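Here the protein sequences line up with chains A and B, keeping their order. Residues 1 to 119 in the working numbering are what the first sequence lists, from first letter to last. Residues 1 to 111 in the working numbering are what the second sequence lists, from first letter to last.
Warning: the hint list may mix true and false statements.
[To be verified] Label-pair distances were calculated between CB atoms; the ranges are:
hint	chain 1	residue 1	chain 2	residue 2	range
1	B	78	A	14	18 to 28 Å
2	B	29	A	52	44 to 54 Å
3	A	60	B	68	38 to 48 Å
4	A	60	B	9	30 to 40 Å
5	A	78	B	78	42 to 52 Å
6	A	117	B	78	17 to 27 Å
7	B	96	A	52	12 to 22 Å
8	A	70	B	12	40 to 50 Å
9	A	117	B	83	43 to 53 Å
[Unchecked claim] Beyond 12 Å from chain A on every Cβ pair, some chain B residues (computed):
hint	residue
10	61
11	74
12	81
13	96
14	98
[To be verified] Away from chain B, derived, C-beta distances all over 10 Å, residues of chain A:
hint	residue
15	2
16	14
17	15
18	20
19	27
20	41
21	42
22	51
23	56
24	58
25	61
26	63
27	73
28	95
29	107
Since the hints were derived computationally from the structure, they do not count as laboratory data. Quick caveat, the model's predicted, so the values are computed rather than measured. Cβ atoms here follow ideal geometry from the backbone N, Cα and C, with glycine treated the same way.
What follows is the residue order along each chain.
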Amino acid sequence: DTGVSQNPRHKITKRGQNVTFRCDPISEHNRLYWYRQTLGQGPEFLTYFQNEAQLEKSRLLSDRFSAERPKGSFSTLEIQRTEQGDSAMYLCASSLGGDIRVASGNTIYFGEGSWLTVV
Amino acid sequence: GESVGLHLPTLSVQEGDNSIINCAYSNSASDYFIWYKQESGKGPQFIIDIRSNMDKRQGQRVTVLLNKTVKHLSLQIAATQPGDSAVYFCAEGDSSYKLIFGSGTRLLVRP
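The shape of chain A in the complex, shown without the other chains:
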């Protein structure tokens, strides 16, 4: 499977605990994105990386959230002191480094997501 890989696929945690999700993008994709999706809604942008540099963060990404991409390959999304409102599916996506508006090869491809349930 050469698509975007995410793990764990499901995580149930108690409120106040920390959780970490991992994303392995499609190889050779320089750009990596994190989105969050709640039931019945479309995905919402959280942050994105160009190689190892985090270039933009949404205001949805509170101080309890941190994302890293230390070597420009895989990325982790950590949520500290989880709250029930954090329950959602966390989606990772990747694309080539070019302008998404220019060529089809720069399309953003999503992984299968990591479901988080905070109890």
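Using the hints provided, position chain B relative to the given structure of chain A.
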């Protein structure tokens, strides 16, 4: 704020008929639009995209139409099949590289 919306939350069609899913967008600066299909418990799957310098683009059984005048986007699926049952999202993007999604339309295919 800017948003992408959908006219119908649920669309039910007979197998073999054509489906049309509509989407309105409000950000006039958006110049890239994309349709995703999402099955239950899975991530969004790319269907087709279109850039603002085009008004129509065709793929395999799918066609996307873009009307910039009224800020409207549609996805047409020909000869709808049971495997097409899913939630369909349109999303808009610009030079910021992030996509703004609508809330989705559920497509139900009746046998």
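Here is what the structure says about each hint:
1. At roughly 49 Å, the beta-carbon separation of residue 78(B) and residue 14(A) lies outside the given 18 to 28 Å, and the hint is violated.
2. Taking the beta carbon of each, residue 29(B) and residue 52(A) are about 29 Å apart, not inside 44 to 54 Å as hinted.
3. For residue 60(A) paired with residue 68(B), a C-beta distance near 29 Å fails the hint of 38 to 48 Å.
4. Range check, residue 60(A) to residue 9(B): Cβ separation about 23 Å, and the 30 to 40 Å hint is violated.
5. About 44 Å separates the C-beta atoms of residue 78(A) and residue 78(B), a value consistent with the hinted range of 42 to 52 Å.
6. At about 39 Å, the beta-carbon gap between residue 117(A) and residue 78(B) misses the expected band of 17 to 27 Å.
7. One distance hint, 12 to 22 Å for the beta-carbon pair residue 96(B) and residue 52(A), holds here, with the actual separation near 19 Å.
8. About 48 Å separates the C-beta atoms of residue 70(A) and residue 12(B), a value consistent with the hinted range of 40 to 50 Å.
9. Taking 43 to 53 Å as the suggested C-beta distance range, the pair residue 117(A) and residue 83(B) does not conform, at roughly 29 Å.
10. No beta-carbon of chain A comes within 12 Å of the beta-carbon of residue 61(B); the shortest separation is about 17 Å.
11. Separation of residue 74(B) from chain A is adequate, the least Cβ-Cβ distance of about 17 Å exceeding the 12 Å criterion.
12. Every Cβ of chain A is farther than 12 Å from the Cβ of residue 81(B); the closest lies at roughly 22 Å, confirming the non-interface assignment.
13. The claim that residue 96(B) lies off the interface is violated: its Cβ sits roughly 7 Å from the closest Cβ of chain A, which falls inside the 12 Å cut-off.
14. Interface exclusion of residue 98(B) from chain A breaks down, the closest Cβ pair being 4 Å apart, not more than 12 Å.
15. At the 10 Å boundary, the C-beta of residue 2(A) stays outside the reach of chain B, the nearest C-beta of that chain being 14 Å off.
16. Look at residue 14(A): its CB is around 23 Å from the nearest CB on chain B, clear of 10 Å, so calling it non-interface holds up.
17. The claim that residue 15(A) is not at the interface with chain B holds, since no C-beta of that chain comes within 10 Å of its own (minimum 24 Å).
18. Residue-level check passed: residue 20(A) sits 19 Å from the nearest beta carbon of chain B, beyond 10 Å.
19. Even its closest Cβ contact with chain B, about 17 Å, leaves residue 27(A) beyond 10 Å, as expected for a residue assigned away from the interface.
20. Non-interface call for residue 41(A) relative to chain B: violated, since the shortest CB-CB distance, roughly 5 Å, does not exceed 10 Å.
21. With a minimum CB-CB distance of about 3 Å to chain B, residue 42(A) fails to clear the 10 Å threshold, and the non-interface call is violated.
22. The non-interface label for residue 51(A) is consistent with chain B: the shortest C-beta to C-beta separation is roughly 13 Å, beyond 10 Å.
23. With 10 Å as the threshold on Cβ separation, the claim that residue 56(A) sits away from chain B is violated: the shortest Cβ distance comes to roughly 7 Å.
24. Listed as a non-interface residue, residue 58(A) fails to keep its Cβ farther than 10 Å from every Cβ of chain B; the least gap is roughly 8 Å.
25. Even its closest Cβ contact with chain B, about 12 Å, leaves residue 61(A) beyond 10 Å, as expected for a residue assigned away from the interface.
26. Every CB of chain B is more than 10 Å from the CB of residue 63(A) (nearest about 20 Å), matching its label as outside the interface.
27. Here residue 73(A) stays apart from chain B, with its beta-carbon at least about 19 Å from theirs, past the 10 Å limit.
28. A beta-carbon of chain B is positioned within 10 Å of the beta-carbon of residue 95(A); the least distance is around 8 Å.
29. With a closest Cβ-Cβ approach of about 6 Å to chain B, residue 107(A) is found to fall inside the 10 Å limit, against its non-interface label.
In this structure, the hints that do not hold are numbers 1, 2, 3, 4, 6, 9, 13, 14, 20, 21, 23, 24, 28, 29, in rising order.
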